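A.B. asks: So the chains spell out like this:
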Amino acid sequence: MRHRLAALLLLAASTPLNSIASVPSFKTEDLQSIDAGYLQLQWEAEEGADITLQRSRNADFSDPVTVYQGKGRALFVSGLAEGDVYFRLEDSAANASDILTIKVRHQSLKRALYLMLLGGLTTLATIFVIIKGARNAR
Amino acid sequence: MPDEQAVLNPTTGWILLAIFSVLWIGLGVYWGRKNKSFEDHALAGRNVGLALASATAAATWITSNTTMLAPQFALQLGIWGMLAYSTASFGLFLFAPIAKRIRKLMPNGYTSGDFMRLRYGRVAWGIFLVFTLFYSLTWLVSMAMAGGIVLNALAGIPYVYGMSVILAVCVLYTMRGGLYAVIGTDFIQSVIIIVGIVIAGFAVLSKVSMAEIHTNLTANSPALLDVLFPAALIAIFNNLLFGLGEVFHNNVWWSRAFAFREGVGQRAFIIAGLVWFPIPIAAGFVALASGALGVAVPSADMVGPLVIANVLGSVGAIAIFIVVFCSLASSIDSLLAATSDLITEDIYRRIARPTAKPAELKNAAQMITLALGIGAWAVCLPRIGTLASVLFFAGPLVASMIWPIVTGLYWKRASRLGAISAMVLGSGIGLWSYFSIGWYVASLIAAMVSMVCVLLFAAFKPEEFQWQELQEGDQ
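Chains as they are written, first to last, in the numbering used here: chain B, 1 to 138; chain V, 1001 to 1475.
Calculated from the structure, these hints are not laboratory results.
Predicted model only: the values in this text are computed from it and were never measured.
Every residue gets a Cβ at the ideal spot worked out from N, C-alpha and C, and that includes glycine.
One thing to keep in mind: the hints can contain errors.
In silico lysine-lysine, DSSO-like type, Cα no more than 27 Å apart, as pairs [what the hints assert, rightly or not]:
hint	chain 1	residue 1	chain 2	residue 2
1	B	Lys132	V	Lys1104
2	B	Lys132	B	Lys27
3	V	Lys1461	B	Lys132
4	V	Lys1412	B	Lys132
Computed far set for chain B versus chain V, every beta-carbon distance over 12 Å [stated by the list, open to error]:
hint	residue
5	Phe26
6	Gln32
7	Asp35
8	Tyr38
9	Gln42
10	Ala45
11	Asp60
12	Ser62
13	Arg73
14	Glu82
15	Ala93
16	Ile99
17	Ala125
18	Gly133
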């Protein structure tokens, strides 16, 4: 009985491991929110396997765009527009990863413009002091 | 980036490293023959002409950040990011009249520390020394570390070897040749960097049209073209004020203002600004073309080398290796020279050995350069990745010094209390905002708080400073 239980446990433990090794998977945290539209995607797959990375604006991948094909295990993506973006991986044997969801939530435009205004005023004041000082020093 | 993704084979990398190491050290020894005193060593005899002056100002500002981080900025923040990085040239433009003023007020001055001590007294000087040494040493460490990482990424040269070689080469020629060697090598390095980046820009344009780049960005990275991209808008003035703070306070730039021949400084810094301004734009453009060229970029900091190697092949890989090595060397040598001069003049001469003779000071400066190199090497050795990010803490520190320095040079009524409160409150509140809001506001808030402190004290508790006091310590 004990032997049978041990064998079952071994089988249970080994089966998912084998299947995980052959299926590509993201190392990047799922459902993370980014505020500047860029991030580095990382994944793992069988050694030497060719990977296709697809992006979509819809969770059902009705409009997939291939953004990478090759043996690399990371890609930097940037310039993402506001909203949710979905990524998935596929190897040459058509093993597909779980879908990775990235929430793009850009910083507040109002706050950005306000900070720009403050920065602009500080810079203009600095330029004014230098130019006026240089003129007076002549 | 692992070795197997290097764009150049290690043997070629080592050969290039050996050729340029021998060249820089040979030139350092050759130019060092002119140095007889501390003044020769630290300030190149105060007789640097316009061509060399312009080249050294531009080359010093072209760091490995310009060639590596400017493309990264463009890839992350798009058109605005590219322009935000190029606003660092304002530091050079605005330092032009300041350099003229410095030369007029302190014809025999040595360091920016001299100015702070004579203008605002010992307390402000002490705060200034802590801030500027923190900034200079973290910049030095981050450059040396970047050297090791970049040489490893480009040619698979092990990090420790690459970092050690680049530091050792810069220490040797700076020790031997002083500012003569730094300025001379800067001239050659700036020509190499500019030619390299122009060739890279044209090579990219020959492979892909503007229309293709635009179409690709619109489809895949629309925010990079967005005029109202919030993160990029915030970065513009924060970056600009960080740059102003870096240039206005640091002895790297003050030593050049003292070293340039009379009447040269203003024109040299304007020319340097004009030369520098398009470089981040060209480097950033290379990054924006990566999508249209089909170059997959695994990490943002490698976009420049990857695109150039893709477009120009092995020739491009060699070119980018040389450009990056030159940009690293041109900044590390300037930092070593200016920081060792600051420590020699402000600490060794003013505190430890006030009666030291010129030859003794020159020897002290050489030993301090060596000690800085060994210290930087020891800190870089463990390759603590987060260490380079310490440089970003320096943003509020340097930005808080903009107003004390500018008004200290032009306003008699700028006061000691104003300068001290500006540096302490500006940097303190700036650092607080760094941690509580984000890096993108730290320099901006530090500069604003500092400005308010200086203005309040100048209005309600003004001083009547006598400009001739700045010449008192020159004797």
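A.B. asks: None of the hints should be skipped; say for each whether it holds.
C.D. replies: Results of checking the hints against the structure:
1. Lys132/B x Lys1104/V: With Cα atoms ~16 Å apart, lysine 132/B and lysine 1104/V stay inside 27 Å; holds.
2. Lys132/B x Lys27/B: 56 Å, violated
3. Lys1461/V x Lys132/B: 22 Å, holds
4. Lys1412/V x Lys132/B: 14 Å, holds
5. Phe26: Per Cβ check, phenylalanine 26/B is outside 12 Å of chain V; nearest 14 Å; holds.
6. Gln32: Holds, since 16 Å exceeds 12 Å.
7. Asp35: 7 Å, violated
8. Tyr38: Check fails; 5 Å does not lie beyond 12 Å.
9. Gln42: Nearest chain V Cβ is 9 Å from glutamine 42/B, so the label is violated.
10. Ala45: 14 Å, holds
11. Asp60: 20 Å, holds
12. Ser62: Fine: 17 Å to the nearest Cβ keeps serine 62/B off the interface.
13. Arg73: The claim breaks: arginine 73/B does not keep its Cβ more than 12 Å from every Cβ of chain V (closest is about 8 Å).
14. Glu82: 8 Å, violated
15. Ala93: Nearest chain V Cβ is 21 Å from alanine 93/B, so the label holds.
16. Ile99: 19 Å, holds
17. Ala125: Nearest chain V Cβ is 6 Å from alanine 125/B, so the label is violated.
18. Gly133: About 3 Å separates glycine 133/B from the closest Cβ of chain V, which leaves it inside 12 Å; violated.
Checked against the numbered hints above, the structure violates hints 2, 7, 8, 9, 13, 14, 17 and 18; every other hint is satisfied.
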